[in-house]
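K.L.:
Sequence:
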Amino acid sequence: MFPKAIVSFVLLAVAVAARPRVGLQLPTVFRPSSPQVVGGEEAPVNGYPYIVSLQMYSQHFCAGSVLNENWIITAAHCVQAVPSVNYLSVKAGKHNIEKTESTEQTVKVSKSYVHSSYGGGVGPYDIGLLKLSTPLKFNNEVQPIKLAAPESDPSGEAWLCGWGSISSSHFPEMPSKLQHVQMEIVDRQTCHESVERLTGSSPVHETNVCTGPLYDQISACSGDSGGPLIAYEGQQPELIGIVSWGIIPCGSAGAPSVYTRVSKFNSWVQEKISS
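Counting with mature numbering (1 follows the signal peptide of the UniProt record, and there is no 0), you get residues -17 to -1, 1 to 258 for the letters of the sequence shown.
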């Protein structure tokens, strides 16, 4: 039986390591045998107009969220996964990432930023920004999302959406259509203790936010990296988290999903997009 491993949920290669380890996952890609994310279901078409697919060589590997016409917010480890921004394409207005859709907009990236305190791999400060070469055109299918208020501490329920693996095994199964699932925010102490119990150590940090439920097979997974964790203020969506890392196999009992807590980085984001 494989031991539990802490990994970033970035989809990078087409082979799987002999056994899990701390670091970036290297999954074998299979077609899905069911239409659901780990514990979720297909999202409504145009239900999340702020999510984008980050692609290299026309293949999805991470997600991001639209800040404004010129900027995408994502995970630092997604930015570092490509050798140069010249290899990177951003696809907005997508639902099915295996088909060309009339709603999609494809934009290249001119510049990227990674938080200076991010040390690589699994760890805190996992946040990055992408400046687009040409502006997005906002419509029903492409919209920005508001950042959570500075220093706010999420609680209650949230939503995760993405094109990440739907598999609860060590071998990812990648969906073609956008998936979503409702999550529960888990307090950081419980999150820290849960990760430590499963893996022997825990990099959970004050700049993280975690989700469960810990008793059910619901989680982010490979390919969800950089994507949005969303809370609602009335009907208004807010970006409260960026998918960062978790435990493989996805959906393991007692294993939280871990995100970058956006409310810790409002000033950093504003500084970079204003520079």
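Certain hints may be false.
Once the Cα atoms are required to be at most 25 angstroms apart in a straight line, the calculated DSS-like pairs of lysine-lysine come out as [as the list claims (entries may be wrong)]:
| id | residue 1 | residue 2 |
| --- | --- | --- |
| 1 | Lys74 | Lys114 |
| 2 | Lys74 | Lys94 |
| 3 | Lys94 | Lys160 |
| 4 | Lys129 | Lys82 |
| 5 | Lys120 | Lys82 |
| 6 | Lys91 | Lys74 |
| 7 | Lys74 | Lys160 |
| 8 | Lys129 | Lys255 |
| 9 | Lys129 | Lys114 |
| 10 | Lys94 | Lys129 |
| 11 | Lys94 | Lys114 |
| 12 | Lys91 | Lys129 |
| 13 | Lys255 | Lys160 |
| 14 | Lys255 | Lys94 |
| 15 | Lys82 | Lys255 |
| 16 | Lys114 | Lys91 |
| 17 | Lys120 | Lys94 |
| 18 | Lys160 | Lys120 |
| 19 | Lys114 | Lys255 |
| 20 | Lys74 | Lys120 |
| 21 | Lys91 | Lys120 |
| 22 | Lys160 | Lys91 |
| 23 | Lys255 | Lys74 |
Okay, the calculated beta carbon distance ranges per label pair [unchecked claim]:
| id | residue 1 | residue 2 | range |
| --- | --- | --- | --- |
| 24 | Lys94 | Gly183 | 23 to 29 angstroms |
| 25 | Asp136 | Asn79 | 20 to 26 angstroms |
| 26 | Asn122 | Asp170 | 18 to 24 angstroms |
No lab work stands behind these hints, which were simulated from the structure alone. The C-beta atom is built at its ideal place from N, Cα and C for all residues, glycine as well.
K.L.:
When you check the alpha-carbon spacing of Lys74 and Lys114, does it fall within 25 angstroms?
P.N.:
Holds - the C-alpha atoms of Lys114 and Lys74 are around 13 angstroms apart, at most 25 angstroms.
K.L.:
Just to be careful, I want the Cα atoms of Lys255 and Lys74 compared with a cutoff of 25 angstroms; is the pair within it?
P.N.:
22 angstroms, holds
K.L.:
Range hint 18 to 24 angstroms: satisfied by the CB atoms of Asn122 and Asp170?
P.N.:
The hint (18 to 24 angstroms, Cβ to Cβ) is violated, given that Asn122 and Asp170 are roughly 39 angstroms apart.
K.L.:
Could you grab the alpha-carbon distance between Lys91 and Lys120 and see if it respects the 25 angstroms cut-off?
P.N.:
Distance ~14 angstroms between Lys91 and Lys120 Cα, so the pair holds.
K.L.:
Can you confirm whether the C-alpha distance between Lys91 and Lys74 stays at or below 25 angstroms?
P.N.:
9 angstroms, holds
K.L.:
Is Lys120 within 25 angstroms of Lys94, Cα to Cα?
P.N.:
Status holds; Cα separation ~19 angstroms.
K.L.:
Are the Cα atoms of Lys160 and Lys120 separated by 25 angstroms or less?
P.N.:
22 angstroms, holds
K.L.:
Between Lys74 and Lys120, does the CA-CA distance stay at or below 25 angstroms?
P.N.:
12 angstroms, holds
K.L.:
For a C-alpha distance cap of 25 angstroms, please report whether Lys255 and Lys94 respect it.
P.N.:
11 angstroms, holds
K.L.:
Do the alpha carbons of Lys114 and Lys91 lie within 25 angstroms of each other, as the hint requires?
P.N.:
9 angstroms, holds
K.L.:
What's the verdict on Lys74 and Lys94, does the C-alpha distance respect the 25 angstroms limit or exceed it?
P.N.:
16 angstroms, holds
K.L.:
Is the distance from the Cβ of Asp136 to the Cβ of Asn79 consistent with 20 to 26 angstroms?
P.N.:
36 angstroms, violated
The structure shown violates the earlier hints numbered 3, 4, 13, 15, 24, 25, 26.
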